[in-house]
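Going line by line, the protein sequences match chains E and A. Our numbering puts the first residue of the first sequence at 1, with every later residue one more than the last. Our numbering puts the first residue of the second sequence at 1, with every later residue one more than the last.
Hint data in this document are derived by calculation from the structure and do not stem from the laboratory. Errors might be hidden in some of the hints.
Stated by the list, open to error - Computed spacing ranges between beta-carbons, pair by pair:
| # | chain 1 | residue 1 | chain 2 | residue 2 | range |
| --- | --- | --- | --- | --- | --- |
| 1 | E | E17 | A | I214 | 23 to 29 Å |
| 2 | E | R319 | A | C197 | 34 to 40 Å |
| 3 | E | G239 | A | N4 | 36 to 42 Å |
| 4 | E | R86 | A | L280 | 54 to 60 Å |
| 5 | A | W215 | E | P284 | 47 to 53 Å |
| 6 | A | A196 | E | G239 | 32 to 38 Å |
| 7 | E | E17 | A | W215 | 20 to 26 Å |
| 8 | E | G239 | A | A288 | 48 to 54 Å |
| 9 | E | T280 | A | N30 | 26 to 32 Å |
| 10 | A | W215 | E | R84 | 25 to 31 Å |
From the three backbone atoms N, C-alpha and C, an ideal C-beta is built for every residue, glycine too.
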Amino acid sequence: MPVIYLDNNATTAVAPEVVEAMLPYLEDQYFNPSSMYEAARGPARAIAEARATVARHLHCRPEEILFTSCATESNNTAIIGALRARPERRHVVTTQVEHPAVLEVCKFLVREGFDVDFLPVDGSGQLNVEAFVRALRPGQTLLVSVMHANNETGVLFPIAELARITKETDPGILVHTDATQTAGKLPLDLRGELRHVDLLSLSGHKLHAPKGVGALFLRRGAPVRPFLLGGHQESGRRGGTENVPYIVGLARALELAEATHAEDGERITALRDRLEGELTRRIPYLEVNGAGAPRLDNTLNVAVHFVEGEGMLYQLSARGICASSGSACTSGSLEPSHVLRAMGVPFTAVHGSLRFSLSRYTTAEEIEAVIEALPEIVASLRRLSPYWDEGARAPRPEGEALLRQAVEERRQRLAQQS
Amino acid sequence: MTWNYSEKTTRLFMDAVQGRPGTHMGEIANPDGIGEHGSIACGDALRFTFRVERHPSDPTRDIIVEARYLTFGCTSAIAASEALCAIIEERRLTPIQALSITNKDIVEYLEGLPEQKIHCSVMGAEALQAAVFNWAQRRGVDLRALGVDITPEEREEGRVVCTCFGLTEPYLRRKIVELNLRSITDITNAVKAGGACMSCHHKPGGLQDLLDDIWGRQPTEFKTEVELPVAQLIARARGEDGLSPYQFAKKVERVLDEYVRPMLAQDGGDLEVVDIKDTLVYCRLKGACAGCVGANQTIKFMVEQVLKDRVDQRCRVIAV
């Protein structure tokens with residue numbers, strides 16, 4: 001059975017061009033780039049070129065790029081490194097919907113005695129800029145860490161704007177953004193639009209490079225101590241022998257993304273929009289999470305009322321379709337997605353979320369396969385549901401009552417925030 | 001997190017969602033017993049109904065002949081519901097006998113469930129209890145008089161902290177406060193949490209974090225036999241006779257020159273101070289005394305006593 005891969009926000013297929021670029025460094029170009037002999041020049045030059053490529057893509061200087069093992073390491077380096085440099089600043093601003101690679105680091109800071117503001121989002125997943133402004137403390141805030149696009153919903157945060165506000169409030173506050181989901185999908189201009197961003201994390205495996213490589217943009221002069229202590233690699237800012245083949249792969253993947261961006265972008269958007277439109281039309285009581293907010297073109301997150309997500313994923317998987325869910329049963333923690341809860345998705349639907357994330361390899365046929373499969377799958381589970389009458393294609397009275405209660409709860413919750 | 005369900009679990013689930021004959025999906029109209037467990041907000045909910053073959057005179061001898069479920073939940077919750085109904089129908093049990101079906105029976109019927117899915121089997125057993133209770137009310141059976149105690153097993157829903165024993169954060173928080181548990185060891189002894197793989201001890205959101213959150217951050221329990229920190233000893237030494245480390249070292253040398261070295265010199269020996277860390281004096285014997293059988297004893301008792309008497313009572317000499 002062919003695999004229909006629609007989980008590209010989790011990881012992506014490695015592009016054949018990337019594999020090709022990496023191969024020499026897995027074969028005869030194995031030398032340690034720090035070594036002195038002639039043979040090691042190849043790998044050393046490859047890293048320098050990769051750094052220049054990444055810098056070109058991000059519009060920054062090559063020496064402002066650190067290669068890391070993943071975005072999680074980049075995020076840890078940014079946050080922990082910042083507090084190591086200026087321990088006198090004890091306040092951090094972030095959001096409730098960050099990836100765990102930021103959220104857990106911030107929770108760690110709380111346990112270490114830091115003051116952290118976890119900003120809420122509204123029903124469409126957007127940040128309240130006023131709340132953001134209120135949270136900033138000139139002279140005290142160490143760091144602002146806000147993701148560029150949300151991995152679950154694709155909702156974009158106005159990083160350029162938030163960064164500018166931060167710097168005008170106090171140029172001493174560092175601005176970090178986790179751009180794992182936007183790198184390779186959106187232009188990132190650290191000299192232009194994103195000129196007030198000091199730290200930016202990205203990951204290779206979300207943009208058709210392999211797992212095990214990431215990068216951190218670290219603006220020149222930004223006070224950030226190293227996180228991984230060790231050798232002199234990366235100008236002493238990140239110890240550890242450079243992962244030459246993967247670094248080369250990351251750079252090649254960014255080049256490819258840039259080259260194919262314009263054409264891929266439109267096609268992917270059209271496919272996503274068709275999927276969204278058809279699912280909304282064919283499945284009653286389905287909500288699009290993040291509808292109404294600026295979103296990544298490749299991401300569709302829906303919440304199906306009265307159905308549990310894992311059962312849908314399982315049946316999709318049985319048809320070769322790979323997607324993911326924010327349902328409690330798929331998280332390993334028995335809690336539904338923190339992102340959807342922060343958005344106030346009604347409790348009748350929060351366990352029934354599905355995320356489809358597309359890539360440049362996604363075809364129209366694959367999207368049609370999902371459009372055919374999902375309505376049947378939802379119906380099969382709703383026939384089993386104590387809250388749904390599949391004959392009437394509507395909730396049973398008890399489901400209806402719960403729905404009213406859930407919608408009311410959401411209304412009150414969101415009203416409280418504003 | 002990939003699926004590692006048994007083939008049977010998978011088959012029961014697929015049969016149910018495809019509505020194959022022989023599955024127990026549905027709801028009995030005018031049932032003899034109805035029970036519910038869970039809620040949509042928690043992510044799992046089950047409505048369980050059964051019909052009995054009524055005994056003409058003794059309701060306690062009613063036999064369950066048909067059992068049906070409606071379930072909102074994941075793959076394993078649906079398969080566990082199917083298992084519950086199948087077990088009951090196969091065994092032709094009275095409602096009271098049916099109570100002896102435990103979540104273990106359900107797990108066995110499913111040929112195993114992943115650890116983090118065990119709660120799905122518990123849900124089935126609890127809905128059954130509720131349904132039996134409901135049947136007893138309808139049929140006028142006094143369960144308590146028969147010695148049947150239905151107190152649903154208490155299990156708070158929530159984030160699982162200890163995956164080995166399936167213990168949730170709300171449950172652990174309550175127990176920590178109720179039983180005044182102050183350390184991870186206390187928790188493990190009282191409720192088993194953290195007693196198996198131990199990975200929940202210090203992970204984010206783990207047992208230590210719960211303790212810190214409830215009782216406030218305490219110094220981490222970690223006792224070693226380390227001496228007082230050097231800085232403290234220095235401060236204390238200064239407090240007594242006001243000597244700086246340099247002055248202390250000079251005084252040690254002066255005393256050794258005056259009282260120790262002349263004695264050693266008589267035997268053709270000498271003594272070298274290798275290092276001083278506040279009141280710890282590291283010494284090595286030299287010359288004829290080096291390698292002497294009693295050398296270390298000499299240093300320990302003779303030299304140390306001299307330094308205690310003439311420099312500082314807290315001096316300790318360590319032979320190198």
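Hints, one by one, checked against the model:
1. E:E17 - A:I214: 23 to 29 Å: Roughly 54 Å apart at Cβ, these two residues miss the hinted range, so it is violated.
2. E:R319 - A:C197: 34 to 40 Å: Holds: the Cβ-Cβ distance is about 35 Å, inside 34 to 40 Å.
3. E:G239 - A:N4: 36 to 42 Å: Holds, at about 37 Å.
4. E:R86 - A:L280: 54 to 60 Å: violated (37 Å)
5. A:W215 - E:P284: 47 to 53 Å: Holds, at about 50 Å.
6. A:A196 - E:G239: 32 to 38 Å: The hint (32 to 38 Å, Cβ to Cβ) holds, given that A196 (chain A) and G239 (chain E) are roughly 35 Å apart.
7. E:E17 - A:W215: 20 to 26 Å: violated (56 Å)
8. E:G239 - A:A288: 48 to 54 Å: holds (51 Å)
9. E:T280 - A:N30: 26 to 32 Å: This hint is violated: roughly 39 Å between Cβ atoms.
10. A:W215 - E:R84: 25 to 31 Å: holds (28 Å)
In the structure shown, a violation is registered for the earlier hints numbered 1, 4, 7, 9, in ascending order.
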